[in-house]
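Number of protein chains: 2
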Amino acid sequence: MNLHIAPVQHVPEIHPGMNLGECLRGALSRSGLELERHDILAVTQKIVSKAEGRIVDLRDVTPSAYSASLARRMSKDPRLVEVVLRESRRIVRMRGEVLICETHHGFICANAGVDESNVEAAESVTLLPENPDRSARSLAHALACGVIITDTFGRVWREGLVDTAIGIARIPPFIDFRGKTDPYGHRLRVTLLAAADALAAAAGLAMGKTSGTPAALIRGFEWEENEETGTAALLRPAEKDLFL
Amino acid sequence: MNLHIAPVQHVPEIHPGMNLGECLRGALSRSGLELERHDILAVTQKIVSKAEGRIVDLRDVTPSAYSASLARRMSKDPRLVEVVLRESRRIVRMRGEVLICETHHGFICANAGVDESNVEAAESVTLLPENPDRSARSLAHALACGVIITDTFGRVWREGLVDTAIGIARIPPFIDFRGKTDPYGHRLRVTLLAAADALAAAAGLAMGKTSGTPAALIRGFEWEENEETGTAALLRPAEKDLFL
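As given, the protein sequences belong to chains A and B, one line each in that order. Taking the numbering used here, the leading residue of the first sequence gets -2, the next gets one more, and so forth. Taking the numbering used here, the leading residue of the second sequence gets -2, the next gets one more, and so forth.
Heads up, some of the hints might be wrong.
Said to hold, decoys possible - Taking lysine to aspartate or glutamate and the DMTMM-like style, the derived pairs with C-alpha atoms no more than 25 Å apart in a straight line are: (1) A:K237 - A:D54; (2) A:K177 - B:E94; (3) B:K237 - A:D74; (4) A:K177 - B:E156; (5) A:K177 - B:E10; (6) A:K177 - B:D74; (7) A:K73 - B:D173; (8) A:K237 - B:D57; (9) B:K177 - A:E113; (10) A:K73 - A:E113; (11) A:K177 - B:E120; (12) A:K177 - B:E117; (13) A:K73 - B:E236; (14) B:K177 - A:D54; (15) B:K177 - A:D74; (16) B:K73 - A:E120; (17) B:K73 - A:D238; (18) B:K237 - A:E94; (19) B:K177 - A:D173; (20) B:K237 - A:E117; (21) B:K73 - B:D57; (22) B:K237 - A:E99; (23) A:K73 - B:D238; (24) A:K237 - B:E117; (25) B:K73 - B:D36; (26) A:K237 - B:D238; (27) A:K177 - B:D54; (28) A:K237 - B:E94; (29) B:K177 - A:E94; (30) B:K177 - A:E117; (31) B:K177 - A:E10; (32) B:K177 - A:E156; (33) A:K237 - A:D173; (34) A:K177 - B:E113; (35) A:K237 - B:E99.
To be clear, the hints were calculated from the coordinates, so they are not data collected in a lab.
Construct the entire structure; sequences and hints are all you get.
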């Protein structure tokens, strides 16, 4: 399939309570992009969190004794550590300045997705959306397209970060090759290709990180609409993981 | 940046000793694609390995006592296990039928990249190219473009496989945001975006797994040529990894 990924420019500064679907519709139009059937909009977590008011002013946070002690050992802001722990179901690894957590959604990422970049207000951080699949469904409904909400995660074994799907609507998480054969009749080794993550990764490149471009339009991916879709299927349960 | 990823069709069946650059040039032409400045060709490991003769007929393999015992416990072909161990620097995890190895190149993947799918001859498997960066450089020289050699790897924590860069030429492995600031003047949390892996992932979707399309043309990625590039920078040394 031919894939085309275009950055969506002219997205206004997003504040809590704004209608993100309307904002993105306007930005698409100002970018000269018109949504077509089977288009997918990739949207960064950051603007979804802002629209949903998932912003914490660190000046309002009182760190617990544990957060303060952890912060001292990790050379981090104790208020940030407090927020990270509140967003975490489990601390997966801590070493040096790195705090890798499992969020209440089940995502495993640095600082439980709590992030201070691309936030307007001083001393404020964003949290991940409370339910990113629900956020994606809401945008998909408003814009009548597939939606991927992305965040930028580190990986095990490999350096560098990649954008990853943390919320999806309408599109399937995987392309499923189970039971398919190659042109020579062999059963395929690749059974489930994590399509939503691959699209998120490419959309992240198209958006960049410094250009104020928090969305990208993905065209050409072939998919069948699935109202039951979600990112849960992309999360490997801890008991099945070889590395936990 | 606008990204466009097009599958390269009409690639002939590749046999050892064939000039892969010439084959891909012909396939591009038959696909109606003309290489432009800053285009990148993503090519699956499979056809590179075939062209380089990295094929092993399992009927020629005598498993060691250790391979035979391991194979029995894992319900695998002992000859396959023997080949996997020969390709491995280290076994990273073994559980059930899953054998995750670090290859001599430093890649961590199932079965050390040894694979029986998409191989014409019965009872034959392909090995990863001996030096995929060198293979990429050779193709980049022949075709005057950037090159990514891809393979499909599993991930920790997340279900599903994604295509990953195992060899690169000319293009940088990362987009480097170190020292850059967001529109509000904050230092960016994201420092190195693993661009080669993100492009490989998207190219893998464009190629599919069953369609006999072992290459894709990537257009629109902005990069500066780097003759010193390679995938080594994408591999996190074990002593720096939090999960080994």
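To see whether the hints hold, each was checked on the structure:
| no. | hint | in the structure |
| --- | --- | --- |
| 1 | A:K237 - A:D54 | 37 Å, violated |
| 2 | A:K177 - B:E94 | 20 Å, holds |
| 3 | B:K237 - A:D74 | 24 Å, holds |
| 4 | A:K177 - B:E156 | 19 Å, holds |
| 5 | A:K177 - B:E10 | 20 Å, holds |
| 6 | A:K177 - B:D74 | 21 Å, holds |
| 7 | A:K73 - B:D173 | 24 Å, holds |
| 8 | A:K237 - B:D57 | 35 Å, violated |
| 9 | B:K177 - A:E113 | 14 Å, holds |
| 10 | A:K73 - A:E113 | 13 Å, holds |
| 11 | A:K177 - B:E120 | 19 Å, holds |
| 12 | A:K177 - B:E117 | 16 Å, holds |
| 13 | A:K73 - B:E236 | 23 Å, holds |
| 14 | B:K177 - A:D54 | 23 Å, holds |
| 15 | B:K177 - A:D74 | 21 Å, holds |
| 16 | B:K73 - A:E120 | 56 Å, violated |
| 17 | B:K73 - A:D238 | 21 Å, holds |
| 18 | B:K237 - A:E94 | 13 Å, holds |
| 19 | B:K177 - A:D173 | 39 Å, violated |
| 20 | B:K237 - A:E117 | 33 Å, violated |
| 21 | B:K73 - B:D57 | 17 Å, holds |
| 22 | B:K237 - A:E99 | 20 Å, holds |
| 23 | A:K73 - B:D238 | 21 Å, holds |
| 24 | A:K237 - B:E117 | 34 Å, violated |
| 25 | B:K73 - B:D36 | 41 Å, violated |
| 26 | A:K237 - B:D238 | 21 Å, holds |
| 27 | A:K177 - B:D54 | 23 Å, holds |
| 28 | A:K237 - B:E94 | 13 Å, holds |
| 29 | B:K177 - A:E94 | 20 Å, holds |
| 30 | B:K177 - A:E117 | 16 Å, holds |
| 31 | B:K177 - A:E10 | 20 Å, holds |
| 32 | B:K177 - A:E156 | 19 Å, holds |
| 33 | A:K237 - A:D173 | 19 Å, holds |
| 34 | A:K177 - B:E113 | 14 Å, holds |
| 35 | A:K237 - B:E99 | 20 Å, holds |
In this structure, the hints that do not hold are numbers 1, 8, 16, 19, 20, 24 and 25, in rising order.
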